[in-house]
Amino acid sequence: MSTESRKGDSEFEERAKQLFDESVDRLDARTRSKLTQARYRALEQLTAPAGSVWRRPWAPAGAAAAALTVLLVLWLDAPERTVNGTFDMAATSDLELLLAEEELEMIQELEFYAWLEEQVELGDAQGVEDGVG
Amino acid sequence: MALAALMRGPTCPQREDRTLESGIEMEAFLREVETRAYRIALVNIRDADDALDIVQDAMMRLVRRYADRPSEEWRPLFYRILKNRIRDWQRRRVVRGKILRFFAGQEGEEYDPVAQAPGPAADNPADALARSDAMDALERALAELPRRQREAFMLRNFEGMDVAGTAKAMGCSQGSVKTHHSRAVRRLRDLLGEHI
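Each protein sequence line maps, in turn, to chains S and F. Residue numbering for the first sequence follows the numbering used here, beginning at 1 and increasing consecutively. Residue numbering for the second sequence follows the numbering used here, beginning at 1001 and increasing consecutively.
By construction, these hints were calculated from the structure, which means they are not laboratory data. Glycine residues also receive a C-beta, built at the ideal position from the N, C-alpha and C atoms. Wrong hints could be hidden among the right ones.
To be verified - With a cut-off of at most 25 Å between alpha-carbon atoms, the simulated SDA-like pairs for lysine to any residue come out as follows:
1) S:Lys7 - F:Pro1076
2) S:Lys7 - F:Arg1046
3) S:Lys17 - F:Gly1160
4) S:Lys7 - F:Ser1182
5) S:Lys17 - F:Arg1046
6) S:Lys34 - S:Glu44
7) S:Lys17 - F:Arg1075
8) S:Lys34 - F:Pro1076
9) S:Lys17 - F:Asn1084
10) S:Lys17 - F:Arg1065
11) F:Lys1168 - F:Arg1065
As the list claims (entries may be wrong) - To give an idea of the interface, some chain S residues facing chain F are shown, with a C-beta separation under 10 Å as derived from the structure:
12) Glu4
13) Lys7
14) Asp25
15) Thr31
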């Protein structure tokens, strides 16, 4: 790489950094306030007792049901991803992802999410009928 | 608020001192990185609320799992968590779409982050620059990079991390960081020309 090219890279990197720094400086007050709140919430864990979805008495049953549901959905939704009825790595990876703590709650509220999606679509359809777009 | 809670916290005096000291140090660290981490998340996922959630989650995981580690390890650990959360968010969106479609009993296109990105006209960095500002153009150019190149560039140039720290955050060798980074710079310069 020539000296000139390296100099060009270096100038480019400096300029990119400057642009990024300016964009950070321009962050609005609402975002900064939310970040401050998020920081305090994180720090509260230093003194809060460890809590987990697994401590809830109904969690094991809910998790088992959720795991079965996800397994069924992934299997039905992507049969081409199975070989001799077993899941490949991508499917199991999806499963692990969905069984993260925060996802369990989402899975246990699937009916609500499905209903919500239907409402959005109905709203969109109504909007088109009404000429709202 | 949180620091006040720290002062009320544990009963053992020695443990209390350690917790308070660690809390003050962690507070300073998070305060230093939070806005930059948010912008980095926003460049990657382009959704302000989700970017805030991801940064909060990364902060919570860092405090929960690594508060007792030496403070010099926090930065690479934090950015490694952030990077993983961004990647998980992108994958989760695909899986969630699949499940919702299944329960709604409808056919639909799978969520594709590439397809969801701005259209061809907006993707042209030079055009973007003409319409908007240079940072917009840079963000659009970054979106065109492979994930590992983007990560290397952002950690090295936006967060100012050295090669060793970037390697820890990315979970790869220092040689890989150098390769990803130099390719990223070359590609970005190609895309942006002399415009920024």
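Cross-check of the supplied hints:
Between S:Lys7 and F:Pro1076 the alpha-carbon distance is near 28 Å, which puts this suggested pair outside the 25 Å criterion. For the hint linking S:Lys7 to F:Arg1046, the alpha-carbon distance of about 32 Å lies beyond 25 Å, and the restraint is violated. The straight-line distance between the Cα atoms of S:Lys17 and F:Gly1160 is roughly 9 Å, inside the 25 Å bound, and the hint therefore holds. Between S:Lys7 and F:Ser1182 the alpha-carbon distance is near 13 Å, which keeps this suggested pair within the 25 Å criterion.
With a C-alpha separation of about 19 Å, the suggested pairing of S:Lys17 with F:Arg1046 holds against the 25 Å cut-off. Distance hint between S:Lys34 and S:Glu44 is fulfilled; the C-alpha atoms sit about 15 Å from each other, no more than 25 Å. Distance check on the hinted pair: S:Lys17 and F:Arg1075 sit about 18 Å apart at the alpha-carbon level, within 25 Å; holds. Taking the CA atoms of S:Lys34 and F:Pro1076, the gap is about 23 Å. The hint holds against a cut of 25 Å.
For a cut-off of 25 Å, the pair hint linking S:Lys17 to F:Asn1084 stands: about 23 Å separates their Cα positions. Between S:Lys17 and F:Arg1065, the direct Cα distance comes to roughly 31 Å. Violation of the 25 Å bound is thereby established for this hinted pair. Straight-line distance between C-alpha atoms of F:Lys1168 and F:Arg1065 comes to about 17 Å, which keeps the hinted pair within the 25 Å bound. With a cut of 10 Å, the hint placing S:Glu4 at the interface with chain F is violated, because the nearest CB-to-CB distance is about 13 Å.
Proximity of S:Lys7 to chain F is violated relative to the hint, the smallest CB-CB distance being about 12 Å (cut-off 10 Å). The restraint placing S:Asp25 at the interface with chain F holds, with a minimum CB-CB distance near 9 Å, inside the 10 Å limit. Evaluation of the S:Thr31 hint against chain F yields a held restraint, the C-beta minimum of about 7 Å falling below 10 Å.
When held up to the earlier numbered hints, the structure conflicts with 1, 2, 10, 12, 13 and fits the remainder.
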